Amino acid sequence: MHIVVCIKQVPDSAQIRVHPVTNTIMRQGVPTIINPYDLFAIEEALRLRDKLGGQVTILTMGPPMAEDTLRKALTFGADRAVLLTDRFFAGSDTLATTFALAAAIRKIGDTFGPVDIVFTGKQTIDGDTAQVGPGIAKRLGLTQLTYVSRIADVDGEARTIKVERRAEGGVQELATKMPCLITMLEGTNEIRRGSMNDALRASRAEIVKWSAADAGIEDTAKCGLRGSPTIVKKVFAPSPRATKATMVEPGDATPAEALIAEIFKQQPELESKLMTLARGY
Amino acid sequence: MAEAPKKPAAAGGRAGTKKELPEHFKDYKHVWVFIEQERGVVHPVSWELLGAGRDLANKLGVDLAAVVLGAPGGGVKEAAAEASCYGADLAYIVESDVLTDYRNEPYARAMTELVNTYKPEILLLGATTLGRDLAGAVATTLLTGLTADSTALDVDTDGSLAATRPTFGGSLLCTIYTLNYRPQMATVRPRVMSMPDRVERPLGRLIEHTFTMVEDDVVTKVLSFIADRESDKSSLAYADVVVAGGLGLGSPENFQLVRQLASVLGAEYGCSRPVVQKGWLPAERQIGQTGKTIRPRLYIAAGISGAIQHRVGVEGADLIVAINTDKNAPIFDFAHVGLVTDAVRLLPALTEAFRKRLSASTSERIAS
Amino acid sequence: MIEEKFDAIVVGAGMAGNAAALTMAQRGMKVLQLERGEYSGSKNVQGAILYADMLEKLIPDFRDDAPLERHLVEQRFWMMDDRSHVGLHYRSEDFNEQSPNRYTIIRAQFDKWFSKKVQEAGAVVLCETTVVELVKDSFGKVIGVRTDRSGGLIRADVVVIAEGVTGLLGTRAGLREIPKPENTALAVKEMHFMPRETIESRFNLKGDEGMVIEAAGTISRGMTGMGFIYSNKECVSIGMGCLVSDFQRTGETPYGLLDAFKRHPSVAPLIEGSEVKEYSAHLIPEGGFKAIPQLYGDGWVVVGDAAQLNNAIHREGSNLAMTSGRIAGEAIFQLRSRREEMTEQNLALYKEMLDKSFVIKDLKKYKDMPALLHTQSQNFFLTYPQLVNKAMQSFVRVDGTPKVEKEKKTIRSFVNARSWFGLFADGFRLARAWR
Ligand SMILES: Cc1cc2nc3c(=O)[nH]c(=O)nc-3n(C[C@H](O)[C@H](O)[C@H](O)COP(=O)(O)OP(=O)(O)OC[C@H]3O[C@@H](n4cnc5c(N)ncnc54)[C@H](O)[C@@H]3O)c2cc1C
Ligand SMILES: Cc1cc2nc3c(=O)[nH]c(=O)nc-3n(C[C@H](O)[C@H](O)[C@H](O)COP(=O)(O)OP(=O)(O)OC[C@H]3O[C@@H](n4cnc5c(N)ncnc54)[C@H](O)[C@@H]3O)c2cc1C
Ligand SMILES: Nc1ncnc2c1ncn2[C@@H]1O[C@H](COP(=O)(O)O)[C@@H](O)[C@H]1O
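Keeping their order, the protein sequence lines are chains A, B and C.
Heads up: the first sequence runs through residues 198 to 478, numbered per the numbering used here.
Heads up: the second sequence runs through residues 36 to 403, numbered per the numbering used here.
Heads up: the third sequence runs through residues 19 to 453, numbered per the numbering used here.
Hints listed in this document are in silico derivations from the structure and should not be mistaken for laboratory results.
Note that this is a predicted model, so its numbers are computed, not measured.
You can trust all of the hints, since none of them are fake.
Straight line, CA to CA, 25 Å or less: simulated DMTMM-like cross-link-like pairs of lysine to aspartate or glutamate:
id: 1; chain 1: C; residue 1: K426; chain 2: C; residue 2: D444
id: 2; chain 1: A; residue 1: K441; chain 2: B; residue 2: D377
id: 3; chain 1: C; residue 1: K48; chain 2: A; residue 2: D265
All chains should be modelled from the sequences, with the hints used to inform the complete structure.
Listed below in structure tokens is the structure:
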């Protein structure tokens with residue numbers, strides 16, 4: 198079984214600041230982390246490998262410093278890591294990203310053995326589109342299984358797989374064929390702590406680094422900014438609300454009463470609305 | 036499979052920050068909204084999208100079309116008729132047995148065929164699990180741009196779709212264009228757009244598209260569908276009144292206070308993300324960027340600091356009431372009414388005061 | 019058990035651990051460095067000022083790529099009472115030199131860079147790995163460590179303990195005592211972010227120039243402690259530190275002190291409108307020379323804050339940490355190249371070399387300072403600052419009072435607060451401790 202997991206290095210968005218004047222991201226001091234949603238994909242891949250044998254390859258497209266992220270993924274016990282890095286990839290939107298990643302996955306298959314399953318996280322916390330997984334699936338013609346909450350059964354011989362998938366209002370149980378692409382739902386497992394041996398191996402592992410050409414990409418016009426149909430025209434900070442909150446000063450009334458009075462003062466119609474709601478109409 | 040026309044190499048190297056729409060895209064017209072319909076039930080986000088789509092269509096002077104896919108007799112025509120009441124001029128429908136349950140393969144194929152045949156300039160979908168699953172596959176197949184999770188849609192002076200979405204965890208917003216490819220696709224989360232008024236009116240036109248895919252063509256089979264238990268479902272996103280607690284409440288036990296107030300108000304209850312991360316409440320109760328977007332008449336936030344990721348999920352509320360011990364908490368920057376006090380002590384009193392007030396006004400009304 | 023054996027294991031990837039690991043790895047030794055934080059520097063707190071000299075000894079061309087914030091051109095000392103401060107400012111164009119002597123840094127970024135250098139030198143660096151035990155053989159010689167990862171004992175000829183002031187390994191293994199509250203300061207620090215231009219105009223800086231303010235006085239409410247403000251590129255670090263024993267005695271909270279410092283009319287305008295992104299607390303060993311524990315033993319040495327090597331008076335720590343780490347590494351390498359065992363007797367070489375360095379010499383010079391500031395904290399941190407500020411106000415305020423009278427009043431106020439004898443004694447003690 199050969200499993201590829203796509204992960205992304207992202208800025209820890211909890212720590213991002215916006216320049217109050219220029220409205221640009223102030224990146225200084227903002228640490229980068231493995232996209233938290235991708236950890237569930239890594240763990241699921243490792244579990245499958247531990248159960249069925251085979252290998253797990255971690256793949257990321259990003260700047261050279263994304264190597265840190267890959268090395269960290271290796272300490273969990275993955276077998277190999279590939280960094281796809283090239284200036285041609287700068288400024289990729291989801292369509293261009295999936296073009297590059299799909300090419301790299303093809304190349305991974307050619308180089309290290311045919312790929313049975315590709316995993317991605319549900320979404321990233323910076324791009325936040327949840328579209329890269331489906332895009333890769335389409336480009337590679339893989340069956341697409343998004344928001345998977347459980348992998349119920351994998352039959353390596355018959356090349357079939359059964360999963361549970363979070364759908365609107367319920368859970369779908371699906372059966373399909375491999376190769377397939379799975380985007381893993383969050384909270385479905387807990388990332389392991391690699392052993393001392395895994396950690397030692399990871400710290401010395403050679404990270405495979407591929408340029409666009411190495412990954413067999415000839416048409417660089419489909420990469421990066423040039424290959425991106427979407428254009429970011431404007432970036433701006435959310436506008437502050439003109440008026441701040443009216444602060445309730447209790448005075449004679451109790452704080453609770455004063456608060457209720459202010460609520461109904463600002464929205465008089467609410468009172469009758471609340472009455473109907475409270476009475477369960 | 037219907038291949039999208041090959042894209043011409045863009046002029047001047049870059050994919051064009053200038054608008055130079057290739058000739059073959061020029062006959063792409065009209066705004067489409069995908070109506071998400073399963074087992075005869077339409078997801079309300081579809082109506083919200085029709086509201087937004089109507090504005091776009093009016094600005095462009097084009098038609099607004101609803102697109103409904105599903106099983107023959109599975110509520111497709113009814114949904115198309117209903118779409119008209121929310122503003123659709125016409126509807127494209129595909130009825131086929133392979134579309135009974137949602138599966139990516141047949142849905143993406145049907146959608147792609149429709150687009151390639153009838154050529155819309157704008158295609159909107161809900162950013163639900165279904166909508167996101169479908170949109171990604173369709174956009175990649177069509178090799179066009181897709182703006183995910185948009186929070187505002189507008190038409191630029193040159194007729195392009197300007198889709199605005201949060202980026203970098205909500206700290207910033209960006210406006211994204213797909214200038215030179217068609218259709219221009221966007222997804223929008225439930226409750227981000229307001230629900231349009233429903234006006235009874237007949238559908239202008241119904242276009243039925245024949246779809247040749249048969250079950251044998253589909254690799255993925257649905258073995259079963261286990262609907263969520265009623266108790267697991269929160270109608271948070273669609274509640275008229277929401278009471279939520281944050282880390283400031285200090286302990287899981289104190290969420291009882293939130294629930295009590297909610298029950299007196301006939302409200303839903305929710306929380307901020309750390310509360311979910313600590314396991315105090317389940318994930319479907321989370322409000323905010325990575326949780327639910329809400330749009331209630333009244334939102335009461337107790338012990339929530341008002342981080343940007345939380346703010347983007349609640350800004351659509353008519354009235355935001357914040358209770359926080361810290362007078363400098365960012366939530367007071369966007370709340371309408373604020374009270375600086377210990378929420379743990381206030382909540383029981385507030386519950387009691389609401390109970391009294393509401394029963395008093397009820398009896399008053401009955402008396403009059 | 020892990021089969022592989024290392025020449026040396028370094029516990030901790032702070033300044034001291036990185037210096038030790040780098041020194042040994044540069045000399046071709048097989049080094050394993052273990053750090054419990056997510057990355058080197060992730061748990062480290064520092065003002066922070068970097069002293070170039072000591073780093074140059076390890077990485078001569080560090081200026082090429084180290085993440086440095088600003089080089090310091092100005093130092094301000096403030097003596098504060100509740101509403102004012104008397105300041106001594108020293109600024110010199112000389113500090114805009116080719117190779118500046120002091121920089122502000124952000125430890126999280128700097129340590130990451132430092133750690134990269136250690137890795138490039140060939141050391142194996144494992145983060146998110148906590149050493150839980152020093153393993154000894156039946157003769158009491160340290161032969162390796164056990165971590166919180168599965169896989170058991172990892173062996174090495176020598177273990178360099180660079181676990182910082184709060185590290186428990188050494189104490190747990192009975193190699194040193196837990197630092198005493200009266201020898202340890204608790205410092206809290208916040209990073210206040212604002213645009214570059216704002217920082218530059220508020221602090222009168224241009225380009226990459228930086229300044230520091232060190233403040234003492236009533237802000238520590240009579241306890242032994244100080245406040246500081248350091249300018250970085252896009253943020254200022256602001257913090258307060260006091261002896262742990264003083265906090266215990268007075269019931270004051272570090273955060274309360276920092277809050278008051280931030281609200282002080284001299285400080286508030288400097289940080290107005292900024293966005294606080296990081297709040298951290300850390301201990302600083304302040305016992306000085308007299309608190310230094312046993313520095314070496316069979317199969318181990320201890321370096322940096324873990325060895326109490328910190329000069330509280332000059333707010334120097336990282337340079338002592340770097341230097342002790344480097345010297346330990348050099349000593350170990352010397353023994354190794356002479357094919358000598360890492361016994362207690364042989365490792366005494368580390369102490370010998372350290373004694374000759376500025377580290378021990380400086381600490382010796384100020385050996386009485388900590389005790390003095392501690393016992394006289396009321397005077398040094400409450401009474402005198404108030405008197406000085408009052409005197410200053412009386413000096414500059416023009417209100418028709420004859421100058422002679424003003425002077426008399428000032429002198430009287432000092433004597434009233436403390437007898438002539440007490441004043442002389444304090445001055446004398448301070449001078450002697452300083453000498
Ligand atoms: C990628 C990403 C996505 C995120 N998505 C979401 C999201 O969808 N939803 C979300 O909510 N967050 C989200 N967050 C987290 C967000 O950044 C904040 O960390 C979070 O909203 C803070 O939750 P809080 O207000 O409950 O806690 P805190 O920030 O800890 O605030 C607690 C507040 O309670 C107040 N308080 C304390 N005691 C009391 C008391 N007794 N009475 C009254 N007030 C009291 C305090 O003054 C404080 O303001 C996300 C973060 C990231 C990085
Ligand atoms: C607020 C403040 C301001 C300061 N300002 C300055 C200044 O301006 N200039 C200056 O020179 N000095 C300053 N110092 C002092 C300086 O920070 C320290 O002296 C220096 O960091 C000591 O380095 P160290 O390597 O000994 O310890 P640390 O930097 O504390 O490193 C110890 C490392 O060991 C790791 N560790 C601990 N236990 C284990 C374990 N069991 N297993 C694995 N890893 C472990 C820790 O995670 C940590 O990374 C300041 C200190 C503080 C708190
Ligand atoms: N640059 C990238 N390199 C590798 N994988 C990526 C990259 N960008 C996105 N992904 C994967 O695609 C998933 C969805 O990303 P997104 O569409 O950006 O929300 C992530 O969870 C990753 O698994």
